[in-house]
Amino acid sequence: MADPLELYCWKGDWGLPSVDSDSLTVLAYAKFAGAPLKVHKIANPWRSPTGSLPALKTREEGSLSQPSKIIIHLRKQKYNADYDLSAKEGADTLAFISLLEEKMLPALIYAFWLDSKNYVDVTRRWYAENISFPFNFFLPNRMHGQQLERLRLVRGDSGLEPGDDIEKELYRDALECMTLLSQRLGSHKFFFGDSPSSLDAYVFGYLAPLVKIKLPSGKLQQHLNSLDNLRHFCTNILTLYFPAEGREAPSRKMSSQPDAGDFDNEPNKRRNQVLSVLVALGAMLGYAILTGIVSIQRVHQEALESSEGHGNHSHDSEEEDE
Amino acid sequence: MSLAAEAFVSQIAAAEPWPENATLYQPLKDDQILLSDCASSLAVQAYLRMCNLPVQVSCRANAEYMSPSGKVPFIQVGNQVISELGPIVQFTKAKGHSLSDGLDDVQKAEMKAYMELVNNMLLTAELYIQWCDESTAAEITRPRYSSPYSWPLNQILAYQKQWEVRRKINAIGWGGKTLEQVYEDVSQCCQALSQRLGTQPYFFNKHPTELDALVFGHLFTILTTQLTSDELSGRIKNYSNLLSFCRRIEQNYFEEHDRDSAGSSSSRFSKGPSL
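First to last, the sequence lines map onto chains A and B. Quick note: the first sequence uses the UniProt record's numbering, first residue 1, plus one each step. Quick note: the second sequence uses the UniProt record's numbering, first residue 1, plus one each step.
Note that these hints are calculated values from the structure, not bench results. Any given hint could be a false lead.
[Claimed, not checked] Chain B stretches covered by chain A per the calculated footprint, using a threshold of three residues with CB under 8 Å from any CB of chain A:
hint, stretch
1, 110-124
2, 168-180
3, 192-202
C-beta: ideal position from N, C-alpha, C; glycine also.
With the hints as constraints, model all of the structure from the sequences given.
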């Protein structure tokens with residue numbers, strides 16, 4: 001109780017506290033339950049204690065990565081947002097979380113990582129701009145590969161190409177799932193009455209990115225926008241529980257925000273690039289001098305004695321190294 | 001099944017009545033079928049019986065390879081082939097047979113959610129125990145799965161399937177779980193189902209729905225199947241209302257039907273499917 005638990009999660013953008021569904025779920029649950037967490041919003045999964053995000057550092061059980069495990073751990077620490085739920089409501093929570101995982105998650109993976117337009121224009125761009133320098137070249141691609149593999153295995157198809165059939169099938173399931181959630185929510189403020197529970201955190205985690213992030217091909221978003229109560233549900237949680245992020249991007253600033261992000265990152269990125277080029281050059285030169293490939297005195301001597309063949313040769317190799 | 005084909009099927013389906021010679025295909029039930037496939041097959045059979053649609057069960061060693069989606073069971077109705085419970089429910093609905101028409105929107109949403117709960121937790125737990133628990137895999141799953149084939153094909157196919165399932169289990173984040181945690185998940189799932197059922201005869205009061213068929217398929221199969229340990233069925237036996245729920249569906253839809261038609265499958269449910 002003395003020192004707060006530490007949570008590592010993806011940083012936010014587009015007026016969201018985090019861009020990642022799992023991170024959003026955990027953040028929302030922590031807010032609902034009133035758990036005092038020390039949140040590290042980072043953009044490099046390798047800096048998290050488990051190598052993936054989100055991650056919760058705990059004293060007893062080491063570091064936890066899966067949202068369900070993190071929520072269970074918070075519950076054990078007496079931060080329980082589901083305390084008021086009846087047994088039947090608890091059962092419903094479990095059922096609707098399964099529905100989200102089976103129907104919504106595959107479509108979200110498809111929309112953000114496989115749909116080529118969305119992936120190139122939004123997802124890859126964001127991760128490439130926000131992950132720090134040497135990692136931004138390969139981490140987005142690696143994450144893309146992982147997500148592709150995950151979707152392929154979950155669906156049990158060996159040949160998975162982003163094509164019309166798969167897209168329609170996944171989106172049909174997801175649209176149905178959103179409609180069902182909307183029907184279940186009805187005109188309530190939260191899924192079980194007036195106070196939010198873990199199911200609200202999950203639904204928020206899955207749907208809030210769709211509400212806030214503008215995707216070039218957005219069939220899922222179109223449908224979500226037609227379900228007023230679900231959309232309000234998400235914006236409501238954002239304004240109630242994450243007022244800081246909500247203020248940064250008041251509604252229509254979305255187009256200007258990525259630009260602002262660019263400028264913020266630019267100096268840092270440039271500095272890193274220059275630094276790393278200098279370090280690499282220094283290492284190469286040091287190696288060359290130490291191993292005797294390039295020897296400064298000898299070049300001078302040979303230049304004086306005008307034995308050109310050898311002198312040119314060492315010059316060449318120096319240039320090649322650089 | 002591709003979507004174009006699906007749309008086509010549902011159009012045609014509406015026009016034709018349910019034929020007498022509809023057939024359900026599944027792996028060989030004595031030597032080959034696995035717990036998870038048996039559960040899915042029983043769920044489809046229960047669903048069709050609840051709809052009062054006759055179907056003959058046909059066991060084929062290569063059922064998995066005959067199925068359009070690679071999953072068993074699948075049914076052949078006229079000249080159409082449909083696999084798995086979800087699409088089959090859609091298909092019968094197009095023909096005008098539906099169990100969930102009487103439900104309101106919220107109930108439909110809950111029914112779908114609970115069906116995903118069963119798929120997400122019970123089915124995955126069955127797959128985990130079959131293929132990822134090494135003693136079950138070595139003693140039961142691999143020998144049964146490959147029983148129709150001779151050496152060395154049987155070894156190759158069994159290990160190939162095991163590798164495939166394990167990768168899937170890892171992809172959905174169950175890879176790091178221990179057997180004990182999986183049993184814990186099964187308990188949690190049964191607890192939820194039991195709470196939801198309460199004292200009602202079926203999940204949505206008086207009339208069965210596809211959810212009842214799915215739950216019955218899985219629970220009854222787990223209860224009547226001999227595995228290396230009794231732990232899995234033991235977890236279900238803690239919930240008396242689920243047990244009486246299984247007995248109720250068995251009596252109403254399997255024993256009566258069999259008495260009426262003196263069908264060939266009556267022996268099956270008196271001794272239960274054995275794995």
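A quick look at each hint next to the structure:
Proximity of the stretch 110-124 of chain B to chain A, defined as three or more residues with a beta carbon under 8 Å from a beta carbon of that chain, is established by the 9 residues found. Under a criterion of three residues with beta carbons nearer than 8 Å to beta carbons of chain A, the stated coverage of the stretch 168-180 of chain B is upheld, 5 such residues being counted. Counting residues of the stretch 192-202 of chain B whose CB lies closer than 8 Å to any CB of chain A gives 5, so the stated coverage by that chain holds, three being the minimum.
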